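Go ahead and model the full structure; you've got the sequences and the hints to work with.
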Amino acid sequence: AQKVTQAQTEISVVEKEDVTLDCVYETRDTTYYLFWYKQPPSGELVFLIRRNSFDEQNEISGRYSWNFQKSTSSFNFTITASQVVDSAVYFCALRTPPSGTYKYIFGTGTRLKVLA
Amino acid sequence: GAVVSQHPSWVICKSGTSVKIECRSLDFQATTMFWYRQFPKQSLMLMATSNEGSKATYEQGVEKDKFLINHASLTLSTLTVTSAHPEDSSFYICSARAPGTSVNNEQFFGPGTRLTVL
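These protein sequences, in sequence, are chains A and D.
Numbers 1 to 116, taken from this note's numbering, label the letters of the first sequence in order.
Numbers 117 to 234, taken from this note's numbering, label the letters of the second sequence in order.
Read the hints as simulated data drawn from the structure, not as lab findings.
In this text the structure is predicted, and so the values were computed from the model without any measurement.
Hints should not be assumed to be uniformly reliable.
No more than 35 Å apart at the CA atoms, straight line, and that leaves these computed lysine-lysine pairs for DSBU-like [unchecked claim]:
1. A:K113 / D:K171
2. A:K16 / D:K130
3. D:K157 / A:K113
4. D:K130 / A:K38
5. D:K136 / A:K3
6. D:K136 / D:K180
7. D:K136 / D:K157
8. A:K38 / D:K157
9. D:K182 / A:K3
10. D:K130 / D:K182
11. A:K70 / D:K136
12. A:K3 / D:K157
13. A:K103 / D:K136
14. D:K157 / A:K103
15. A:K38 / D:K171
16. A:K16 / A:K70
17. A:K38 / A:K3
18. D:K157 / D:K180
Label pairs and their calculated CB-CB ranges [unchecked claim]:
19. D:H123 / A:Y64: 26 to 34 Å
20. A:V13 / D:S199: 40 to 48 Å
21. D:S125 / A:V84: 36 to 44 Å
Positions of the beta carbon are idealized from the N, C-alpha and C atoms, including for glycine.
In structure tokens form, the structure reads like this:
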């Protein structure tokens, strides 16, 4: 069975602190894709990153970085020097074959509150 | 980037009435659209996958006669909640797939429609 677990329901940090959001996934497929989305209070999901199962390189994009560890089935997301505008719900998602379906399995999300 | 719109953004209706929600891809043709439901402080749950010109594929547990999906054109999919009841109150989100665009961002999400059934 496929499953995505985001154990952290809610995290509060003070502005400028670094914060890591955890994502653990389960799948028996060898080919799969992982995603992170941001959902601000407005509700619209904002795409952050896609990672395929064969690419374990960590990625950095500005203040955002992602750590993909197949050995622990984790795809964690770190925000460096957090800002109030980072406050949102963050979802990790998994897509597995068969190809062409593009169905996502979302985690339950982590609500991040960045306090000024 | 590709833009997906939803209309209405919010709707309040009486129990027993039907509500139609539209999902449009504004600047691209979407061969596949997806409908999700999100209850407060919960995750997105896929309801159905809609392919243009064919019947929607519903996820297990989703009543296809209650949630009617029509994908009549490459830019429009509609979700009709028939005989709505208070338990149908939720945030409904659509997404659209645009083949040939960015390989990383596979689906473009709409802003969602908040349905409240009184």
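Tested hints:
At most 35 Å may separate the alpha-carbon atoms for a hinted pair to count; K113 (chain A) and K171 (chain D) exceed this at roughly 41 Å. Our distance criterion of 35 Å between C-alpha atoms is broken by K16 (chain A) and K130 (chain D), whose separation comes to about 46 Å. For a cut-off of 35 Å, the pair hint linking K157 (chain D) to K113 (chain A) stands: about 14 Å separates their Cα positions. Pair hint K130 (chain D) plus K38 (chain A) holds up; C-alpha atoms about 32 Å apart against a cutoff of 35 Å.
At roughly 31 Å between alpha-carbon atoms, K136 (chain D) and K3 (chain A) fall within 35 Å of each other, so this suggested pair holds. For the hint pairing K136 (chain D) with K180 (chain D), the CA-to-CA distance comes to about 14 Å; that is within 35 Å, so the pair holds. Restraint check for K136 (chain D) and K157 (chain D): the C-alpha separation of about 24 Å stays at or below 35 Å, so the hint holds. Among the hinted pairs, K38 (chain A) with K157 (chain D) is consistent with the structure: their alpha-carbon atoms are about 14 Å apart, no more than 35 Å.
A distance of roughly 27 Å separates the Cα atoms of K182 (chain D) and K3 (chain A); the hinted pair therefore holds under the 35 Å criterion. For the hint linking K130 (chain D) to K182 (chain D), the alpha-carbon distance of about 16 Å falls within 35 Å, and the restraint holds. Among the hinted pairs, K70 (chain A) with K136 (chain D) is inconsistent with the structure: their alpha-carbon atoms are about 42 Å apart, more than 35 Å. A hinted pair counts as satisfied when its Cα atoms are at most 35 Å apart, and K3 (chain A) with K157 (chain D) qualifies at roughly 18 Å.
This hinted pair checks out: K103 (chain A) and K136 (chain D) have alpha carbons roughly 23 Å apart, not beyond 35 Å. Simply put, K157 (chain D) and K103 (chain A) have alpha-carbon atoms about 21 Å apart, close enough for the 35 Å limit, and the pair holds. Restraint check for K38 (chain A) and K171 (chain D): the C-alpha separation of about 31 Å stays at or below 35 Å, so the hint holds. In summary, the hint linking K16 (chain A) to K70 (chain A) is supported, as the alpha carbons are separated by about 30 Å, within the 35 Å threshold.
Between K38 (chain A) and K3 (chain A) the alpha-carbon distance is near 19 Å, which keeps this suggested pair within the 35 Å criterion. A C-alpha spacing of about 25 Å is found between K157 (chain D) and K180 (chain D), which places the hinted pair at or below 35 Å, so the restraint holds. A hinted range of 26 to 34 Å holds for the C-beta pair H123 (chain D) and Y64 (chain A), which are about 32 Å apart. Roughly 45 Å separates the CB atoms of V13 (chain A) and S199 (chain D), a value that falls within the hinted 40 to 48 Å.
The hinted range of 36 to 44 Å is not satisfied by S125 (chain D) and V84 (chain A), whose Cβ atoms lie roughly 24 Å apart.
Of the numbered hints given earlier, the model fails hints 1, 2, 11, 21; all others are met.
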